[in-house]
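Enquirer: Chain order of the listed sequences is A and B.
Residue 151, in my numbering, is where the first sequence stops; the numbers in between run on with no holes.
Residue 266, in my numbering, is where the second sequence stops; the numbers in between run on with no holes.
Think of the hints as simulated: they come from the structure by calculation, not from any bench.
Any given hint could be a false lead.
As the list claims (entries may be wrong) - Subject to a maximum C-alpha distance of 25 Å in a straight line, what follows is the list of computed DSS-like cross-link-like pairs (lysine-lysine):
1. Lys155(B) with Lys130(A)
2. Lys34(B) with Lys130(A)
3. Lys34(B) with Lys155(B)
4. Lys155(B) with Lys116(B)
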Amino acid sequence: MTLWLIIIGMGLVTYAIRLSPIVLLERVDIPPVIRRALRFVPPAVLSAIILPGLLRPGGALDLSFGNARLLAGVLAALVAWRSKNVLLTIGVGMAALWILQILIR
Amino acid sequence: MPSSRSEFLSGVKALLPILLGVIPFGMIYGVLALGAGLPGGVALAMSSIVFAGSAQFVGAQLMATGTPGVVIVLTTFIVNLRHMLYGASVAPHLKHLHPLWRWLLAYLLTDEAYAVTITHYNQPEASPSPSARKHWYFLGAGLALWSTWQASTAVGIFLGAQVPASWALDFTLTLTFIALVVPALNDRPSVAAALSAGVVAVLAADLPLKLGLMVAALTGILVGLWLERNASGALRPSRSLTLDP
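In isolation and in its complexed conformation, chain A is listed as follows (with noise of 0.2 Å):
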């Protein structure tokens, strides 16, 4: 019972912040810096999950060659870079992690 009121309580604040903002915004008019501003959402959020993800894998920062995602990501990106394919990505980026992975250890 506990468990469900807590899951309904995560699922209506997470409506809630989705929502507000759709319908706060429909009345006002979006003032023009924060129009421009809303333009560098998309890098900087996903951005911000991205490096931790790379440079942090274990939780500490991890700036060596033995730190497999870093490596295995910066080849991502390169990849993404040239052939704006999601797939290539992917299936590259894993790849070169399992064979790393194998290479370190």
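Let chain A serve as the given structure and place chain B on it in line with the hints.
Expert: Positioned in the frame of chain A, the structure of chain B alone reads:
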């Protein structure tokens, strides 16, 4: 102008490659939720009631350690705050829609659906009313992700711990985000926004409740805005003047 149907299908199609990264992540969530002691039904229900990957991971782990419900809900709030930025970003494009559409699309607003939809919205078009049917694209992408998320968490719950950790399948999510963000870095302010946000996120990763993510995102947005203003100010001084408060 493309029909509603073709917009919907384009949205589904845009999301298909991303599913390669989402399916393993959903399965891992299922495995992890069972490992955390959640009953299968509860773990599955969380995928449709909350429908937010990273918040579900954190929530399941906190439940396993007996964290009070209020703290779990508060944590969910912080972890999902980035969706507020997504909502603000798509809001101008949804203005013309019936409230029911907006309520539905808000529910489907995830990292992945947002990333492909905002790219679609920002594409310049020749037609006179460019974004009139693009909400169908959003719906297609959102539903494709939603149904896959439900199915893959179910598979994870049924498979249990049969997926070895050494496969590192969680890395597919990082790779998905790389695939989405890198091609969009097509000018200097975007690159600076991405790099500064990434660096701050690495440095601030120890902040409680995943607050580092929000601090990092806001830093990146400010850096991008600042660089863009300087650049446009150099070219068109009058424009930068009118933007000054």
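Enquirer: Next step is simple, just say for each hint if it's right about the structure.
Expert: Taking the hints in turn, this is what the structure says about them:
no., hint, in the structure
1, Lys155(B) with Lys130(A), "22 Å, holds"
2, Lys34(B) with Lys130(A), "15 Å, holds"
3, Lys34(B) with Lys155(B), "14 Å, holds"
4, Lys155(B) with Lys116(B), "12 Å, holds"
Against the hints set out earlier in the document, no violation occurs for any number.
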